[in-house]
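Going line by line, the protein sequences match chains H and U. Offset between the first sequence (1-based) and my numbering: plus 444. Offset between the second sequence (1-based) and my numbering: plus 444.
It is possible that part of the hints are untrue.
In this list, chains with the same sequence are indistinguishable; a pair is considered to hold if it fits within one copy or across any two.
Calculated lysine to aspartate or glutamate pairs in the DMTMM-like style (CA-CA distance at most 25 Å, straight line) [as the list claims (entries may be wrong)]:
no., residue 1, residue 2
1, K579, D488
2, K579, E471
3, K579, D500
4, K579, D483
Treat the hints as calculated values from the structure; they're not laboratory data.
Protein chains: 2
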Amino acid sequence: MNRLQATYRVRCEAADIERRAAALAVEQSIEMPPAAVRDARLLDAVLGRVEAIAPDGPAHFRVRLGLALETTGGEAGQLMNMLFGNCSLQPEVELLDVDLPDAALARFGGPRFGIAGLRELCGAPRRPLTCSALKPQGSTPEALADLAARLAAAGIDIVKDDHGLADQDAAPFARRVDAVQRAIDAVNRSTGRRCVYAPSLGGGPRRLREQIRLAREAGVGMLMLAPMVSGMGALQELRE
Amino acid sequence: MNRLQATYRVRCEAADIERRAAALAVEQSIEMPPAAVRDARLLDAVLGRVEAIAPDGPAHFRVRLGLALETTGGEAGQLMNMLFGNCSLQPEVELLDVDLPDAALARFGGPRFGIAGLRELCGAPRRPLTCSALKPQGSTPEALADLAARLAAAGIDIVKDDHGLADQDAAPFARRVDAVQRAIDAVNRSTGRRCVYAPSLGGGPRRLREQIRLAREAGVGMLMLAPMVSGMGALQELRE
Numbered sequence: 445m446n447r448l449q450a451t452y453r454v455r456c457e458a459a460d461i462e463r464r465a466a467a468l469a470v471e472q473s474i475e476m477p478p479a480a481v482r483d484a485r486l487l488d489a490v491l492g493r494v495e496a497i498a499p500d501g502p503a504h505f506r507v508r509l510g511l512a513l514e515t516t517g518g519e520a521g522q523l524m525n526m527l528f529g530n531c532s533l534q535p536e537v538e539l540l541d542v543d544l545p546d547a548a549l550a551r552f553g554g555p556r557f558g559i560a561g562l563r564e565l566c567g568a569p570r571r572p573l574t575c576s577a578l579k580p581q582g583s584t585p586e587a588l589a590d591l592a593a594r595l596a597a598a599g600i601d602i603v604k605d606d607h608g609l610a611d612q613d614a615a616p617f618a619r620r621v622d623a624v625q626r627a628i629d630a631v632n633r634s635t636g637r638r639c640v641y642a643p644s645l646g647g648g649p650r651r652l653r654e655q656i657r658l659a660r661e662a663g664v665g666m667l668m669l670a671p672m673v674s675g676m677g678a679l680q681e682l683r684e
Numbered sequence: 445m446n447r448l449q450a451t452y453r454v455r456c457e458a459a460d461i462e463r464r465a466a467a468l469a470v471e472q473s474i475e476m477p478p479a480a481v482r483d484a485r486l487l488d489a490v491l492g493r494v495e496a497i498a499p500d501g502p503a504h505f506r507v508r509l510g511l512a513l514e515t516t517g518g519e520a521g522q523l524m525n526m527l528f529g530n531c532s533l534q535p536e537v538e539l540l541d542v543d544l545p546d547a548a549l550a551r552f553g554g555p556r557f558g559i560a561g562l563r564e565l566c567g568a569p570r571r572p573l574t575c576s577a578l579k580p581q582g583s584t585p586e587a588l589a590d591l592a593a594r595l596a597a598a599g600i601d602i603v604k605d606d607h608g609l610a611d612q613d614a615a616p617f618a619r620r621v622d623a624v625q626r627a628i629d630a631v632n633r634s635t636g637r638r639c640v641y642a643p644s645l646g647g648g649p650r651r652l653r654e655q656i657r658l659a660r661e662a663g664v665g666m667l668m669l670a671p672m673v674s675g676m677g678a679l680q681e682l683r684e
């Protein structure tokens with residue numbers, strides 16, 4: 445198996461499912477009539493393949509497509525583009541699952557550090573880890589830093605920005621991250637623990653680059669990024 | 445009106461809708477019990493407000509919330525974060541619509557050039573514009589450049605990358621964009637028309653920056669970016 449295996453649920457009558465599945469394989473890959481493709485390599489290596497069709501309740505089928513790994517370019521946003529693709533506009537088709545071939549794991553291998561890295565960062569090799577959020581949005585950097593210090597002093601391992609915190613006037617990223625990290629550093633010095641602050645990144649490439657620079661300068665040990673807001677590609681690059 | 449007006453459809457019994465709407469206003473803004481907020485400014489200026497509740501079919505209501513503009517930080521990804529927010533996890537709530545106050549339009553004002561800019565770029569002040577796509581994915585840069593030249597010679601105004609084209613080995617962004625732009629430039633010189641090529645950007649901040657640089661060097665006049673893949677923030681920064 446050297447293709448992405450993408451499983452879709454398709455609403456279709458039994459008499460039509462083979463034709464419907466074949467059309468789906470075209471639409472999720474070359475997006476044009478195979479008869480009009482002049483390059484034989486494309487039909488062999490790039491055109492999607494129907495790998496399996498199985499019934500899945502009345503007038504529904506599970507269709508597994510084999511999608512060429514080369515169509516992703518090794519880029520996480522493009523992986524989403526291929527998996528969802530044009531059938532995301534078709535109400536009778538639903539993406540259920542995807543299996544990545546081993547060859548894909550070099551580029552789409554998941555977390556860089558994983559749970560072992562989190563445990564090492566927090567100095568907690570065995571016990572449960574704890575996490576809490578700085579809130580509410582609209583608070584001043586000083587108020588958030590004060591809350592962060594209380595959480596760190598209480599033994600919380602990871603203090604994260606609440607999901608509503610961004611680069612707002614009430615607590616701009618630069619001032620908030622600096623104030624919160626200083627407050628947590630001070631508590632860590634007195635307790636000997638390793639509470640970690642995880643601020644939330646946001647914005648386009650220019651803002652992200654600036655925020656990463658500011659976070660590094662402040663000595664931040666962890667970053668958060670919402671991939672459905674800032675892009676899967678940004679998450680992938682951050683991991684690298 | 446100086447708040448975002450976000451309208452949600454909520455499945456709820458009539459007896460509960462006032463309480464449910466108030467809880468939604470909390471969850472879409474400060475995300476914590478108002479009684480626990482110590483800063484009076486937040487309750488006045490940041491806590492979401494229920495602006496209107498109206499029936500919308502059996503056991504459904506339209507709830508219009510006023511969300512503080514300051515919560516967006518003027519950033520398009522954060523605007524999505526605020527509008528969808530935690531209620532995107534609640535099956536009984538659906539975001540239907542949003543109205544932006546005039547004060548929001550400085551940051552969320554829409555296209556930079558708009559249809560007038562497209563017409564000027566293509567040298568077509570009045571007639572309908574035409575557009576076609578380079579495909580299929582998996583083709584070589586030379587094959588795509590040949591197709592682009594045919595489309596330009598046939599009088600197409602805008603030739604765009606098909607949505608499956610990214611930075612793949614078969615036609616890496618740098619080689620594809622250079623080859624296609626050269627082919628279209630050559631046709632434009634012979635026809636005197638102004639066919640424009642619009643390649644598709646993709647990836648995280650590092651890849652996007654590199655692709656924009658390559659496109660500028662090649663003399664590309666238009667760029668495409670899928671905001672739900674690469675992020676609304678990237679689209680907003682590209683516009684700026």
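Hint check:
no.	hint	in the structure
1	K579 - D488	between (54 Å within a copy, 16 Å between copies)
2	K579 - E471	between (45 Å within a copy, 12 Å between copies)
3	K579 - D500	neither (45 Å within a copy, 34 Å between copies)
4	K579 - D483	between (57 Å within a copy, 12 Å between copies)
Violated hints amount to a single one, hint 3; each of the other numbered hints is respected by the structure.
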